[in-house]
Amino acid sequence: MENGSIASTLVFFFLAAVMVVSSILAVTTKKILRAATYLLFVLFATAGLYFYLNYSFLGAVQMTVYAGGIIVLYVFSIFLTSTDEEKNQPIRSHRRWLGFIAAAAGTLLCVYLFQASPWGEVYYRAPEELPMKAIGNALMSADKFGYILPFEALSILLLACIIGGILIARKRQ
Amino acid sequence: MNFLSLFVLIPMLTVGLLFCLGKPSHIRLLCAGAGIALLALALTLLGLFIQARNGGATDAMLFRADLCWYAPWNIHYSVGVDGISVLMLLLSAIIVVTGVFASWHIDPMPKEYFLWYFLLSTGVFGFFISIDLFSMFMFYEIALIPMFLLIGIWGSGEKERAAMKLTLMLMGGSALLLLGLLGLYFFHGADSMNLLTLADRGMALDAQRRFFPFVFIGFGVLGALFPFHTWSPDGHASAPTAVSMLHAGVLMKLGGYGCFRVAITLMPEAATELSWIFLLLTGISVVYGAFSACVQTDLKYLNAYSSVSHCGLVLFALLMLNPTAMTGAVMQMLSHGLMTALFFALIGGIYGRTHTRDIRLMGGLMKVMPYLGVCYVIAGLASLGLPGLSGFVAEMTVFVGSFQEADLFHRVLTLVACTSIVITAVYILRVVGKLLYGPLQNPQHALLPDAAWYEKVATATLIAAILVVGLTPHWIADLIHESLAPVTAMLGR
Amino acid sequence: MFNSCYTALVPLLPLFSFILLIAFGLRLPGKWAGYIGSVLTGIAAVAAYYTAWTYFSLPLDADGTRPAVEILSWEWLRFTPLLAIRLGIYVDALSAMMWVVITTVSLMVHIYSLGYMAGEKGFARYFAFLGLFSFSMLGLVVAPNIFQTYIFWELVGVSSYLLIGFYYTKPEAVSASKKAFIVTRFADLGFLIGILILSYFTGTFDFQTICGSAQDAAGVGGALFAPALQASFLGLSALSWAMLLIFMGCAGKSALFPLHIWLPDAMEGPTPVSALIHAATMVVAGVFLVARLFPVYALMTPGVLEVIAYVAAFTSLYAAVVACVQTDIKRVLAFSTISQIGFMMVALGVSGYGGHAGEGYTASLFHLFTHAFFKALLFLCAGAIIHTVHSNEMKAMGGLRRYMPVTHLCFLVGCLAIAGIPPFSGFFSKDGILAASFAFHPCMGILMTAIAGLTAFYMFRLYCRIFHGPYSGDTAAAQAEHAEAGHHTPHEAPAVMTAPLVFLAVLSLLTGFIPFGDFLSSDGLPHAFPLQTAVAVCSVLTALVGIGIALYAYGRGPRPAFQRMADQPNAFLRAAKNRFYIDRFYLFITHRIIFQGISTALAWFDRHVIDGVVFGSGKLTEKIARKIRIIQSGQLQTYALILLLGVLCLIGLVLYL
Amino acid sequence: MANIPMTYYLVLSTILFFAGIYGFITRRNLLAMLISVELILNATDINFAVFNRFLFPEHMEGLFFALFSIAISAAETAIAIAIIINIYRNLKHIEAQKLNELNDLK
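Residue numbers (the working numbering), protein chains in the order written: chain A, 1 to 173; chain B, 1 to 493; chain C, 1 to 657; chain D, 1 to 106.
Rather than coming from a laboratory, the hints here were simulated on the basis of the structure.
None of the values given here were measured: they were computed from a predicted structure.
Careful: at least some of the hints might be erroneous.
Said to hold, decoys possible - Heads up, simulated DSSO-like pairs for lysine-lysine below, C-alpha to C-alpha not over 30 Å straight-line: (1) K627(C) x K98(D); (2) K111(B) x K23(B); (3) K121(C) x K159(B); (4) K577(C) x K159(B).
Build the full structure now, drawing on both the sequences and the hints.
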């Protein structure tokens, strides 16, 4: 347990480091393709975090939908719209400073809040895997704690998105 | 529903019927008919009112009717008239009907024009018959808004700007007014908006002190109170003829009437206490308007400044707070309404022919258009207070009344106001001399036609009314005097 | 005893004539408008004579005075419980006398105008206005209260305005009418304020009440006047102020210095109008009003009466001097009118109340009476001359006695009357005035006698320049010019014009013999004023000297010395010719100060300062809006940034609290 | 795993979140902004999962919320990219600050 716990601690910090570094790089790099790549790293690390929390299904979805689907979409659209102008005209520096200060202040504020909250004493208690069956049942059930209604709503939303996406992106005569 | 509501219903019905008509001749006929019906109604009301008074009816307001609109806030549609409102209704009816004749060939869009025109009339009539603060205020707003379109669309010169200026300034005034009215409502216990109830109940002095200026200035803006009068020259100059007539003739009277009916009646102690400030302002109005009129070159500007002076006298006399001066104030409202409407009708006629209102570009028009010229001279003489015409009786009543206030402040102000009769003579004679007399200035004017029949109808009606007021003032004075009794009793006079 | 029917006809017939002619005048053919006006005035005149006759034959009261009769009293407008305007007809000696004067002169002018105005455009309008004027004037003099006087006072002013501006296409006529109206209006302001003060303190407009209590309380100060006498302002009692201000109104109407400037210009009107309004009737309204209120002036405010005397004496002198150098014949007559009104006012001013002391009062009104006839006569003669010569200037005349014998004779009668030569009427009335002046103070007497001499001089200068010497139209150049203008050699006026002249000339001869004191005196008691021989001899001698100088200087055309004086005037003469620059001074006041100074400045102030504030507030709102709307840039990222900052601030705030 | 308190996870997601916000505010390119939005969404997803796991392990709300959020963000990305491509087609650029055709202030 000790070893395992040291190893698992190391895993957490590794994932955390990847996420923090990649996310910061993603928003600061000049090249848009690189930003997409860093985003991919973040998403993978997030998926790792889900596995680490024993949410294998969530992690899997994260991998497939995000890392697999969305990033591809990004990459293609980047290729379609690549202009390189990002590099030539940097954003006005006072905006960047303001953004940085705001973000830093926000982070610090939140950290201060967490530090003041009782959650610093909350640890992971039930390390068992969430069974796939339970997820399936909950998703498809109409009982209490059943998610059939949001599930259906989401499916309609996705349908609408597909139609909308096609409508917007199609070439007009 | 009693027959006073007809004053609101007839114009509203006319508006409705106008939607269905298309041919200009039909529209004119309908409007003339509606105007004459209103005039007949006003005359009937006058007869009935005098009859009722002679029959011993002693209520402050006669022909009362009451209809609850919105119970939670005690808003009623409540009507009733006293002698003053009867006279104001008659004045409005005369001017509405002459205004229809004066805009007989309005162009373009006669239908829409008359639609707004009668909507405006609805507001005016509604205001004068209302004795509920809320409905009064509502009709007041109804009377103001159509003005914007009437000037903005059918006006001349810088009409959009003038319309905007006029509407915004008057709206500013009504914002103050609304504050004042709400103050009246809440400080009277917030359970009635009826003028009579409020007047009976009285109001704490410090609340009166706080809200009197709001109400008085709110109405005063419409009554061209210095220094809130500047909408008047631009607005009048740009407005089409009938709108100028209605505006100067009736709408400016709404201001004076409101000051009397609401500000002074409901807050008599504050009126007594604060009258000196407003007396100063109105005293300035009287002389200032007259002096400014002396150097105007545009006929309508001249008349607008003269209106500032004459309407200033109305408020001035009201603030003297004694029965004689207040009688004079109401007579001055009547008189000014009639003669300024006559002026604007004539200026409209002259402008329609010469296409200029600059007196420097005209001259010797008496030879070309004798009818209009003679009427203009009559209007001028009425304005400078010739005995036998309405201006004289009104001004004299005001001056005699004001002179009854014995302290130095009132005396000096009265004397200053008296000087306006000389200055009025100066500017009236100046413009008459330049415009009508002398050799013909512009040879192109030699062939212009004289007044058409509809213009003759309009001007003759107004002149007749001016003569009636000027020659037989006693019954008008009596009518006003007995209506003032409750107010003067409250003022302790 | 007194039938109100025909009495009321006197003012109402001219009014009826006015309404009739205004309504139908344009459709009447030929001279019908004139005939209607004349006939109606004629009937009014007869009714007026009959009224006067009945009135003066009424039995005297127990105290020897004639009772005043008030008929037709109608409450026209009530101001306060005390004050009300009643319209009515108040007949007493003064108003009966005025009625006779007004109707007579008005009738003469109507008849005369039939010839004078023949063929003029606006013939009907002219007669309509004459009717209006007669109505107003007749109503003025019978007013039972001071407010009715004021009402008709204004009406008279307007009819004068309309008649002066009768030739409304002539710019001079227009500006003259305007000037007349505005100057008198300014004076009326004083009158009005005077009425306000008087009525406030006494609580009545009624002449009978006012004058009656002044008489009753002679020397004591009746209860009616007590408050007015006690209240004081700037060292004078309120009553003095009131009476001074009322006198200001009188001075305006009666063209006393410094409000006389309108009268000479008023000569732009048709000449018969000048005869009626600006010589015989309207301009003496001031004298009439002072006479009407005489008990108050004499018994309550003798100081004001003295002021009146000085102002009037100065006016008289001033006008006489100016009249000596004018070259326009109507102007000469106008200044002589001013001067003669000065005489009347002086007589009132120096008069005492009652008994022999009241001689000035009687003399003043006597002079008013005689002057009306001979001055109307002079004006109508001048009209006949102008009618035929087509010019107002003396230099266009001369030697006319050959062409116009009747006019010449009538004019001579008028001149002799005004110069005060016995037995013409002017002699008798002027004698009374001079006697009263000597009684007041010898200096005043001497001054007035000297002015009477000046009067004789300028009138005979006028007479000689018109009727003697060579006729200017005889020169070849002038004849050619005349022919070009389509004019003809001078000729006598038609009978319709000469008949009134002769009638008035006869009146000027005879009216002097009326024992005026029997009818009119300050206290109402008949009183005979015998001729004062010493004063009479002095004044006649002075007048003869004046006439002699005039005849010597201008008898056969201007002598070279006088011509040279006229051609190269010295400073004094130049000033006199320019009326001592009073008009320029007024022009400066009105144009430079009132128009360019006050009015233009106020108009500018209104446009730029007050309207500037209005527009400024609009502009300010717009400016602020422009500044604020930058925040609302449409940039999503900016919104996000602001949102974030806002959230942070809120959280910080919550934490801090 | 068991010796790492919940606060650590929250701090991690906070950093992600604010990095995303920083990116959203400062990036010019619409796609880059969209990437930042993804970061923000990801941070919230983590929070859902963590709260569920640590505070209410026997329930599944957080899990499902994260799940749906992933789905929705996928949809949103698809639509957003469609719009961006459309904008690029019309204006030949996708810079957020230059998209001011309808703004009269410029």
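Now the hints, each set against the structure:
no. : hint              : in the structure
1   : K627(C) x K98(D)  : 21 Å, holds
2   : K111(B) x K23(B)  : 9 Å, holds
3   : K121(C) x K159(B) : 43 Å, violated
4   : K577(C) x K159(B) : 54 Å, violated
Taken one by one, the earlier hints fail for this structure at numbers 3, 4, listed in ascending order.
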